[in-house]
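Enquirer: Between the sequences and the hints, there should be enough to build the whole structure, so can you do that?
There are 2 protein chains.
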Amino acid sequence: MTLRVGVVGGGQLARMMIAPAVELGVELRVLAEDDGMSAALAATAVGDYRDADTVVRFARDVDVVTFDHEHVPQDVLGALVDAGIAVRPGPHALRFAQDKLHMRRRLDELGMPQPDWAAVSDAAGIEAFLAEHGGRAVVKTPRGGYDGKGVRVVSSAHEADDWFTALAEDGRGGELLIEELVPFIRELAQQVARRPSGEVRAYPLVETVQRDGVCAEVLAPAQRTGEREQQVTSEIAVGIAEGLDVSGMLAVELFETADRVLVNELAMRPHNSGHWTQDGAVTSQFEQHLRAVLDLPLGDSSPKATWTVMINILGGPAEGGLVERFGDAMARHPEAKVHTYGKSPRPGRKVGHVNVSGDDLDDVAYAARAAAAVFVD
Amino acid sequence: MTLRVGVVGGGQLARMMIAPAVELGVELRVLAEDDGMSAALAATAVGDYRDADTVVRFARDVDVVTFDHEHVPQDVLGALVDAGIAVRPGPHALRFAQDKLHMRRRLDELGMPQPDWAAVSDAAGIEAFLAEHGGRAVVKTPRGGYDGKGVRVVSSAHEADDWFTALAEDGRGGELLIEELVPFIRELAQQVARRPSGEVRAYPLVETVQRDGVCAEVLAPAQRTGEREQQVTSEIAVGIAEGLDVSGMLAVELFETADRVLVNELAMRPHNSGHWTQDGAVTSQFEQHLRAVLDLPLGDSSPKATWTVMINILGGPAEGGLVERFGDAMARHPEAKVHTYGKSPRPGRKVGHVNVSGDDLDDVAYAARAAAAVFVD
Numbered sequence: 001m002t003l004r005v006g007v008v009g010g011g012q013l014a015r016m017m018i019a020p021a022v023e024l025g026v027e028l029r030v031l032a033e034d035d036g037m038s039a040a041l042a043a044t045a046v047g048d049y050r051d052a053d054t055v056v057r058f059a060r061d062v063d064v065v066t067f068d069h070e071h072v073p074q075d076v077l078g079a080l081v082d083a084g085i086a087v088r089p090g091p092h093a094l095r096f097a098q099d100k101l102h103m104r105r106r107l108d109e110l111g112m113p114q115p116d117w118a119a120v121s122d123a124a125g126i127e128a129f130l131a132e133h134g135g136r137a138v139v140k141t142p143r144g145g146y147d148g149k150g151v152r153v154v155s156s157a158h159e160a161d162d163w164f165t166a167l168a169e170d171g172r173g174g175e176l177l178i179e180e181l182v183p184f185i186r187e188l189a190q191q192v193a194r195r196p197s198g199e200v201r202a203y204p205l206v207e208t209v210q211r212d213g214v215c216a217e218v219l220a221p222a223q224r225t226g227e228r229e230q231q232v233t234s235e236i237a238v239g240i241a242e243g244l245d246v247s248g249m250l251a252v253e254l255f256e257t258a259d260r261v262l263v264n265e266l267a268m269r270p271h272n273s274g275h276w277t278q279d280g281a282v283t284s285q286f287e288q289h290l291r292a293v294l295d296l297p298l299g300d301s302s303p304k305a306t307w308t309v310m311i312n313i314l315g316g317p318a319e320g321g322l323v324e325r326f327g328d329a330m331a332r333h334p335e336a337k338v339h340t341y342g343k344s345p346r347p348g349r350k351v352g353h354v355n356v357s358g359d360d361l362d363d364v365a366y367a368a369r370a371a372a373a374v375f376v377d
Numbered sequence: 001m002t003l004r005v006g007v008v009g010g011g012q013l014a015r016m017m018i019a020p021a022v023e024l025g026v027e028l029r030v031l032a033e034d035d036g037m038s039a040a041l042a043a044t045a046v047g048d049y050r051d052a053d054t055v056v057r058f059a060r061d062v063d064v065v066t067f068d069h070e071h072v073p074q075d076v077l078g079a080l081v082d083a084g085i086a087v088r089p090g091p092h093a094l095r096f097a098q099d100k101l102h103m104r105r106r107l108d109e110l111g112m113p114q115p116d117w118a119a120v121s122d123a124a125g126i127e128a129f130l131a132e133h134g135g136r137a138v139v140k141t142p143r144g145g146y147d148g149k150g151v152r153v154v155s156s157a158h159e160a161d162d163w164f165t166a167l168a169e170d171g172r173g174g175e176l177l178i179e180e181l182v183p184f185i186r187e188l189a190q191q192v193a194r195r196p197s198g199e200v201r202a203y204p205l206v207e208t209v210q211r212d213g214v215c216a217e218v219l220a221p222a223q224r225t226g227e228r229e230q231q232v233t234s235e236i237a238v239g240i241a242e243g244l245d246v247s248g249m250l251a252v253e254l255f256e257t258a259d260r261v262l263v264n265e266l267a268m269r270p271h272n273s274g275h276w277t278q279d280g281a282v283t284s285q286f287e288q289h290l291r292a293v294l295d296l297p298l299g300d301s302s303p304k305a306t307w308t309v310m311i312n313i314l315g316g317p318a319e320g321g322l323v324e325r326f327g328d329a330m331a332r333h334p335e336a337k338v339h340t341y342g343k344s345p346r347p348g349r350k351v352g353h354v355n356v357s358g359d360d361l362d363d364v365a366y367a368a369r370a371a372a373a374v375f376v377d
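Chain order of the listed sequences is A and B. Read left to right, the first sequence gives residues 1 to 377 (my numbering). Read left to right, the second sequence gives residues 1 to 377 (my numbering).
A few of these clues could be false.
Note: identical chains are not told apart, hence a pair may lie in one copy or across any two.
As the list claims (entries may be wrong) - Listed next, the in silico SDA-like pairs over lysine to any residue satisfying Cα-Cα at most 25 Å (straight line):
1) 304 - 228
2) 304 - 332
3) 149 - 180
4) 149 - 45
5) 149 - 84
6) 149 - 213
If you're looking for bench data, these hints aren't it; they were derived computationally from the structure.
Expert: Written as structure tokens, this is what we have:
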């Protein structure tokens, strides 16, 4: 018997599932968008994930289908289910990750701590929300946003008119999500894995540092976090995983304010906030995701070091590829774990990351930042 | 630019290079002996490694050729070198791993501590050696032996007659290696990585437990090892790596006697005694081998845990495959790291291994043994 996992999408998250799949002895099959994608080594098909026939054909003979991203349309997910293929996370769960308004409504039902939010369908709605929230707020397109895209801080009613127009034109419904601008102290992320049969395991709470709307650094575990805060965030993430019937990895991005944590975003897949687990946890998020979607018992999510720091390589070298910098980075930082995604450098693009573990957070963070900096200029 | 490493041989050692190659962003190309080998995912060619044309054709366009095993004939290695292809370790180094008499002679020249040994060409030679060494000794075929094959304990002169006959018939020279039966306390292994440009890094000394001539367990680091013993074995391994001009990983298998250590065998590739590094060291032996043969700076070889224990899965289940036992093994031992090789179970065959790390050696060893035992019956 061979266990076969089909992954829709050939990006770096699919790529990073290859290593644990090979080690465990799970066959990974990737439906890539194009030739030469990050996960090309495991690509068994190239095609459009928005085409139901393509995806269903790809998924024949796999034990379960999972995802590199959350953009597979509901009709395609439905076609998979209709074809008798196990889809994890399932369409009903993925909808919460695909539609932020749907997610906000459900999290309210579950009693999860959230920023103030509203669904607005015109400038007047924005105006009213701004009036109640200090004159500034965050407007988000409910669908299609990631890494800061589809997110805009506004301070006047007409700053999202173009989005209302676009929404009306493509028939995706006329509502935008508006949220209070949370005066957060820092951002946190809580990951949890959940099997369809119910087992859940939480990872240590981590601290994430965003720059220009993109994750730049992750400190694991989050500093100054006691058992109580860990318990609170674990319970939130487990509650969401169960409440939304997520299977696989779930990342809950959180704002920490002076007196509580608020749920910012969700991701139902391995997530940038968990790349540290590749070198810093007993079971990496990529192995855990495979185990979870296969409904295998979950692995130990404990950290292997006092501190692990993950630094994204954003953009990459102005000239040449990442490989040209290997010598330099490795000579200066033999303790650094370098991960690259096989992507061409481009300003702001996530092309790799570096993990460093150790006992002293300042040393670890400095080494990780310095090693990653070798790859960027 | 892409870095390309060609690996001759599609076994589990090539397979275990896939994960670090993918993570680093190094392209691995494997010449497999057959379809469906352990490293099939990275196989770009299938063919006979004893055929120079096949190997040279495979190796075009790679930056360096390295090996899953040490059986590639010298004429094939020579053809690679003649074609201008970088071969690491090089033919001159590999010869020491291919021919145990050649190795013993060279280690004597280097002043390395060895068991008493002799080259014998007939029963009289064995008789004479037995007479001087208590009536029992180990006879080895200089070439072609591994995992206990080509090794025989003898107590009378004619017990190796069949080997002399076979050697004479196939024209491989008429000598066998005979060695004293070392009254060892335990067996140890010292790994070291070396770059062609000279950098070396030693791994922690480990303890290996053999059963029926096959490695069964590895305890990392070796128990009751002080800095001084570590220094002695590191110096031996570094001295051999330099004296034999090894590039890549070198494993030195050692006997520990009451008052010293003696060199038993060498392996110029990643080695079973270093599988613990996949989960227990900052840089695994597989990543380190890739870095070394590419002449990249070596990674930190420090352990990540107080103890890591590796248990081989030997034979596998009597019925079904390893995968059928995943649920059981993972449920009982969430801390166990399970590695399988995509090989069919067969009595005595190495089909996978389990690593467990932690602070208490008894707990760690028990968990690793128990998890591995789930896969065997």
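Enquirer: Next, verify each hint and record whether it holds.
Expert: Verification of the supplied hints:
1. Taking identical chains as interchangeable, the C-alpha atoms of residue 304 and residue 228 lie at most 25 Å apart only when both belong to the same chain, with a minimum of 21 Å there against 28 Å between chains.
2. When the C-alpha separation of residue 304 and residue 332 is checked against a cutoff of 25 Å, the pair qualifies both within a copy, at 23 Å, and between copies, at 20 Å.
3. Taking the shortest alpha-carbon separations for residue 149 and residue 180, only the intra-copy value of 18 Å comes in at or below 25 Å, while the best inter-copy value is 72 Å.
4. For a Cα distance limit of 25 Å, the shortest separation of residue 149 from residue 45 qualifies neither inside one copy, at 28 Å, nor across copies, at 43 Å.
5. Taking the shortest Cα distances, residue 149 and residue 84 never come within 25 Å of each other, neither inside one copy (34 Å) nor across copies (50 Å).
6. For the homomeric pair residue 149 and residue 213, the shortest alpha-carbon distance inside one copy (8 Å) is at most 25 Å, but the shortest distance between copies (60 Å) is not.
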